[in-house]
Amino acid sequence: MNDAKVLLVDDEEEFVSALAERLDIRGIDTRVATDGEQALELIESQLFDVIVLDVIMPGISGLEVLQRIKAKKIPSAVILLTGHGSTREGVEGMRMGAFDYLMKPLDIDELIGKMKESIAARKSE
Amino acid sequence: MSDIEGKDIEFFGKITASMTHEFKNVLAIIKESSGLMEDITKIAPLSESQHQEKFDNALKTIKNQLNRGMELSTVFNRFAHAPDRSTAEINLKDLAEQVVTLSRRFARLKHLTLKVAPEGEHDGNLHIKGNPVWLQMAVFTGIECCLNILPPESGIILASQSRQGRKCIRIDCTGNAKDKDQLSASLESEQSWKDLNGIMSVLGGHIEWLENASGFELIFE
Chain A
1 MNDAKVLLVD DEEEFVSALA ERLDIRGIDT RVATDGEQAL ELIESQLFDV IVLDVIMPGI
61 SGLEVLQRIK AKKIPSAVIL LTGHGSTREG VEGMRMGAFD YLMKPLDIDE LIGKMKESIA
121 ARKSE
Chain B
126 MSDIEGKDIE FFGKITASMT HEFKNVLAII KESSGLMEDI TKIAPLSESQ HQEKFDNALK
186 TIKNQLNRGM ELSTVFNRFA HAPDRSTAEI NLKDLAEQVV TLSRRFARLK HLTLKVAPEG
246 EHDGNLHIKG NPVWLQMAVF TGIECCLNIL PPESGIILAS QSRQGRKCIR IDCTGNAKDK
306 DQLSASLESE QSWKDLNGIM SVLGGHIEWL ENASGFELIF E
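Note that the protein sequences, when read in sequence, are chains A and B.
Note that my numbering has the first sequence beginning at 1, numbered continuously upward.
Note that my numbering has the second sequence beginning at 126, numbered continuously upward.
Isolated chain B, as found in the complex (with noise of 0.2 angstroms):
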């Protein structure tokens, strides 16, 4: 039996790391073509003008949603090689950054903003050691359980930082969340908390509330 273990995760990855590969395909064939007519107008404006512009806005359109379309692609790309390791050195900024992509349709679902904080408030180059599969699940589990409690136009910020020597995720509710007590008392009744306390257990980490509740710490080391 221990043969086939994680193999499933290993399939799920070779699956999606290929499919994947196939989409920025096409990605890239849609970027050429569409760059390519850009280049003909260039050289040959179309006769009238009013055409000119609804054709430049539908190529404008075309742009915008490949530069969409390939930031996801490199995200779930990454994502889908992430079982490729059972154990691999992750930039913490960067497992925020790539979780944080993966899940923003999740909080735009619930009318909640999802972001990572400016670069001045992450602390220096942090990396931790861990399996990429359980460490992008437990951030996701951890946006997941703000998610299921926080009201309309709340908003979620992700920092990586380092607390007295150990290395940890830090994930604040803004806005119109709940107050502190309310927060942690809704947090604690979730199963996804139950769900992220186990996963971070795994992990060989723990979670601890912020000095104003008004968030948790994911501490990897």
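Next up, chain A with everything else stripped away, as it sits in the complex (with noise of 0.2 angstroms):
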């Protein structure tokens, strides 16, 4: 993971901050958007290996990002967050082809492992 480009994409600040500092720690390169506009500009601007991408947001939801990065064919693996008591959203973000979905709140080890096989899917296309 330590060459991988990551970026978290949340609305609550906080969370994804603190979030980012943890990953730093642990030697991944990784950046932050706060809104889905400011994540498709970052991910328009340089190719990140994963993009975690909260599904419910103000403005641009976190399908609708996922959508264009599709549509772009930006061939980074999307896991998308989900803090619904459903997984609907998560279901429907895998049929739109993200790699996978995780339930907020997150295990970190449990994240960094799904970047990996992630990573290593892609690696094997």
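Treat the hints with care, since some could be wrong.
[Stated by the list, open to error] Which residues of chain B face chain A? A partial, calculated answer using Cβ under 8 angstroms: (1) Met144; (2) His146; (3) Lys149; (4) Asn150; (5) Leu152; (6) Leu161; (7) Asp164; (8) Thr166; (9) Leu197.
[To be verified] 16 angstroms max Cα-Cα, derived EDC-like pairs, lysine to aspartate or glutamate: (10) A/Lys5 <-> A/Glu37; (11) B/Lys319 <-> B/Glu333; (12) A/Lys5 <-> A/Asp24; (13) B/Lys188 <-> B/Glu222; (14) B/Lys240 <-> B/Glu222; (15) B/Lys188 <-> A/Asp107; (16) B/Lys167 <-> A/Asp24; (17) A/Lys72 <-> A/Glu37; (18) B/Lys167 <-> A/Glu21.
In short, the hints are calculated from the structure, not lab data.
Where a beta carbon is used, it is the ideal one built from N, C-alpha and C, also for glycine.
Grab the two chains, each in its own frame, and use the hints to assemble them into the complex.
What follows is the structure, given as structure tokens:
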């Protein structure tokens, strides 16, 4: 994971900042965005190996960001974060091409595991 | 009038679902922040070991309460989404677990234990179709009937069962529970028992006493 570039997208700034710090301590190069528009600007300016994307955000939703990523054929793996009791959005996101989804609150080791899986899957394509 | 029938429940569900989502976000922030504190002290332990131990214990308490909060939040969020649909297919064991978690505090206040039977005591993967709010209300009212009459240190155990092709939730009273004659007499004099019969009737089901009368079954189909 040390060579990987990760983008975290979530409108809860304190959540995404703390998570970014924790990934940084583990040697993972991490950027953050707190809304869909900011995320898309970053995605278009640099290539991320993994994008961790909250589904429900004000303005452009996570699923809409995912749709635009896929439309532009950007090869980054997308892992969705869903906080709802149901997993409908997560399943919908995978149908749209997300690698996987995780429920909030996260387990950081589980997140890192998923990120590694997604990178390995891309390399084997 | 029919256009706004059920709107009160829909409103209640919308607001509670939204609020539980907010609570989950709060817990997620606390989890990451306390995780960051843990990460930092692993890199740079506190200078005095007595403080390190207290710090570690405080972090452990935060983690334990976080796990508790997360479980409650998940269950409550699921409860809040119950009014989303008037009919849904529901796993009976999940239904029992959901309502037991929601009701545990009521049991604790009466010094009663309330739990779902272990995995092996449930009959397969049973599903029923019904109104999610009313189904949860039925199971809760069944539990409430027992809570109202059992002495302290008694227990209530729920299990999903199949009986001659009928799907049900079995509610067993254990421990210091009253003897079987007292149990049925006490329950049948309770208002909550009458309410339970009414709710089961609306759901198209009924109640049957267990053969040894240590409890009863909510028969749904």
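Okay, the hints, checked on the actual structure:
1. With 8 angstroms as the threshold, the beta carbon of B/Met144 stays out of range of chain A, its nearest partner Cβ sitting at about 12 angstroms, so the hint is violated.
2. With a cut of 8 angstroms, the hint placing B/His146 at the interface with chain A holds, because the nearest CB-to-CB distance is about 6 angstroms.
3. For B/Lys149, the suggested interface contact is upheld, since its CB lies about 5 angstroms from the closest CB of chain A, less than 8 angstroms.
4. Here the hint on B/Asn150 is kept, as its CB sits about 5 angstroms from the closest CB of chain A, short of 8 angstroms.
5. With its C-beta approaching chain A no nearer than about 5 angstroms, B/Leu152 sits inside the 8 angstroms limit, and its interface hint holds.
6. Hint on B/Leu161 holds. Least Cβ distance to chain A is approximately 5 angstroms, under the 8 angstroms limit.
7. For B/Asp164, the shortest C-beta to C-beta distance to chain A is roughly 5 angstroms, which falls under 8 angstroms, so the interface hint holds.
8. A cut of 8 angstroms between beta carbons decides the hint on B/Thr166: the least distance to chain A is about 11 angstroms, and the hint is violated.
9. Taken as an interface hint, B/Leu197 does not check out: its beta carbon lies about 12 angstroms from the nearest beta carbon of chain A, beyond 8 angstroms.
10. Between A/Lys5 and A/Glu37 the alpha-carbon distance is near 19 angstroms, which puts this suggested pair outside the 16 angstroms criterion.
11. With a C-alpha separation of about 14 angstroms, the suggested pairing of B/Lys319 with B/Glu333 holds against the 16 angstroms cut-off.
12. Distance restraint check for A/Lys5 and A/Asp24: the Cα-Cα separation of roughly 11 angstroms lies within the 16 angstroms cut-off, and the hinted pair is therefore satisfied.
13. Simply put, B/Lys188 and B/Glu222 have alpha-carbon atoms about 23 angstroms apart, too far for the 16 angstroms limit, and the pair is violated.
14. Taking the CA atoms of B/Lys240 and B/Glu222, the gap is about 8 angstroms. The hint holds against a cut of 16 angstroms.
15. Taking the CA atoms of B/Lys188 and A/Asp107, the gap is about 12 angstroms. The hint holds against a cut of 16 angstroms.
16. For the suggested pair B/Lys167 and A/Asp24, the alpha carbons sit about 14 angstroms apart, so the restraint of at most 16 angstroms is met.
17. For the hint linking A/Lys72 to A/Glu37, the alpha-carbon distance of about 15 angstroms falls within 16 angstroms, and the restraint holds.
18. Distance check on the hinted pair: B/Lys167 and A/Glu21 sit about 14 angstroms apart at the alpha-carbon level, within 16 angstroms; holds.
Of the hints listed earlier, those the structure fails to meet are numbers 1, 8, 9, 10 and 13, in rising order.
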